[in-house]
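So the sequences go chain by chain: P and Z.
Number 276 in this note's numbering belongs to position 276 of the first sequence; there are no gaps in the numbering.
Each number in this note's numbering comes from the position in the second sequence (counting from 1) with 1000 added on.
Honestly, the hints are just simulated from the structure, not real lab data.
Given the structure is predicted, the values throughout are model-derived calculations rather than measurements.
What you were told as hints is all true, and nothing was included just to trick you.
Taking lysine to any residue and the SDA-like style, the derived pairs with C-alpha atoms no more than 20 Å apart in a straight line are:
1. P:Lys269 <-> Z:Ala1315
2. P:Lys327 <-> P:Gly73
3. P:Lys327 <-> Z:Arg1337
4. P:Lys269 <-> Z:His1323
5. P:Lys327 <-> P:Ser74
6. Z:Lys1012 <-> Z:Arg1230
7. P:Lys269 <-> Z:Glu1312
8. P:Lys327 <-> Z:Asp1333
9. P:Lys269 <-> Z:Gly1286
10. P:Lys327 <-> P:Arg60
Okay, the calculated beta carbon distance ranges per label pair:
11. Z:Glu1061 <-> P:Ala299: 25 to 33 Å
12. P:Gln236 <-> Z:Glu1061: 23 to 31 Å
13. Z:Gly1072 <-> P:Leu295: 27 to 35 Å
14. P:Gly92 <-> Z:Asp1386: 34 to 42 Å
15. Z:Asp1060 <-> P:Pro77: 45 to 53 Å
In this text, a Cβ means the ideal position worked out from N, Cα and C, and glycines have one as well.
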Amino acid sequence: MLGPRPEPPSPTIAVSTSPSTPRQADLFARQLLLFTGKGGVGKSTVVAALGVAAAERGLRPLIVELGHRASMGSIFPGSSIDHRPRPVACGGRLAAMNLELDEALFDYIAGQIKIRRIARAIAGNASLRGLFRAAPAVREIITLAKLQALADDLLDDGRRRWQPILVDLDATGHALMLLELPQLLRSLVESGPLVRVTESLSGLIADRERTMLSLVSLAREVPVQETIELYSDLQQRHAIEVGSLFINQVPPPALPSTLLPWLSAAEAKILGGPHQEGTLAADLRLTRRLEEEHLSARAQIERLRVEVPEIPRVELPAIEGGLHGEKELLRLGELALATDADAERAPTAFDRAGDDR
Amino acid sequence: MSAIDQLLRSRKLLVCVGPGGVGKTTVAAALGVRAAQLGRRTLVLTIDPARRLITTLGLDELGDAYRPIPLGDLGGEAPLYAAMLDPGASFDALVGRVATDEEHRSRILDNRVYRLMSRAFGNAHAYVAMERLYDATASDEFDLVILDTPPTRNALDILDAPGRLLAFLDERVIGWLLRQPPEGLRGRLLARGGAAARSLLSLLAGDTLVDELAAFLELFVSLRPGFQERAVAVQERLRAPETAFALVTSPLADNLADATYLRDGLAGRGVVLRALIVNRAYVPLGEHPWSASPEARSFEDALQLLAPSSEEERAGLSALLGHISALRRRIADGNCRAHEAALTFASGAPRGCLKVQAPNLDHEPLDRRALAGLAALLADPRAQLDR
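This is chain P alone, in the form it adopts within the complex (with noise of 0.2 Å):
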């Protein structure tokens, strides 16, 4: 070791010369949080934890769950979640829902058609069920002007109802459609309401006070080419506030770094030795394949850090067989706002809460 090792960063000091930091910081003091990543990068699992985070520091959040999916009823067993919101966590303070095309559908026309009756016609009639199921972007209107409705909902007393409103987007590909939805509609609507929605929708997920996008993603070959693919993209052409960058299930170091050397000292006396079928040679091979799997996982980071500059990176690391609880989603949702900072710190095996499973 040469000379004094450095303090570690202090997890009370949260001030950093960082800009990044304050944007990491504040995701909550946004109401709109979308969320991308491709698809098995733990999304669900992250927009999760960062409700559970949310409803422990008494806030009201929401989970939204585009349709389609079942990503929610598992994390949180026993909840039933439908096209409206509903507690699942947190003693009833954490709610969540499914955003489901026919409803999302019927609530968007008796919006537009303030005659109930008439609402219920249109929406109820199968040919125009199915016109509006097959016709081109009528998904992404819908959801974007029901997260809308959503967002603009009060409570009586003038406050927000729903503060944050996480959304778990589909993959890459959705987000993107969802964000060119209102430039794209400007092109084929001069008149009508489509136009107020287009305008309305634009005008929210361009407000940078109120609405933010964090990508997930992976420490994994493929699913950091298609995040520096979709950043670059965004960059290009949407008008919309980056959040934070997600880099989930970052495999920790399979060893203190103390020890490596140990660890090749002891692979040159049993590796292409007598004993290299033993199980001792079959220890060493897993611990050096960990290791190597950590190493590749900090390569790829690197990379994000490289080609992917402004947004700060946040790692979450790895857990064996998946979380469980909603004490391990608290301890997730925690890790995930922590700053900037006090993420650059080494990132240890997930530490288990040992009495909550």
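With chain P's structure known, arrange chain Z on it following the hints.
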């Protein structure tokens, strides 16, 4: 013969569905290699594959056309082909096939509603997959077609989209929107209420969009019979006995939730799930790929093998062994949880459904040999999940 091999030998169409990010495309490609090894002329149809998979297959690029995959000494007599589904291009090609003439074709291709429909919006992937499937299964060129469904959670679209498209081309709706005066009694009946419906739609969507939509439907209405015929044929084929659906997932909670949705969705659509493949089911702990739980280790024996020559070395190697032991416990614990989750999920699969698992490999398969290796693992009797 293993159950997976039996499936690959006996079916003409294998549809792989599953959540994104579980290695579904890799598994589909591996099964393709295996099927060709078993002597089946095989086509793997995939959608938007990662660059790496294309090189894994030994190709420089993959496009709309069927490309032969060189198998070298891995192969037997049967060839393996792969093709990628490109929604925009395939849709345009489809319009080209069914349009009456060049002018008709270019008017459709220029229509803005069509462009929205065939590109980003409106489940274009699923329509195109359906069309390509029709072509591939109708030809005698292949004994087995393996379809890797779109990498979205909406893999069920392949079963729903044809119906949706037909609903979109619903005669009544078209009757409402067509601008030309309808001909004959039937036309007038269809158009009844059309003015009201049209003005309601205009109120909702605006005149321009409704006009453009009407123009699109007018251009498309003549294509309806062709679409319908193919859609019906494909839907029948998807539910035919020589077709099998395989669900690929990982044991992670997020993925299992999506997989559950797919499993139940298939059942609800009258499709029987024939195979459940849990990929990356566990991290192997020993030398062979089936070692999911740790065998006993003796710390003393290990230290003796390492034969430390100094106190410092003894201390260092002891600390190393202690950490390795903790590492193994952590992984074994994770494997155990993952296994429980996979078993719980598998217990909901229909009777007679094949349930197999593959370990989390050191590296993603990087060449055709590795793909064949993955398939061999899946075909191994020890891969049975509920042994």
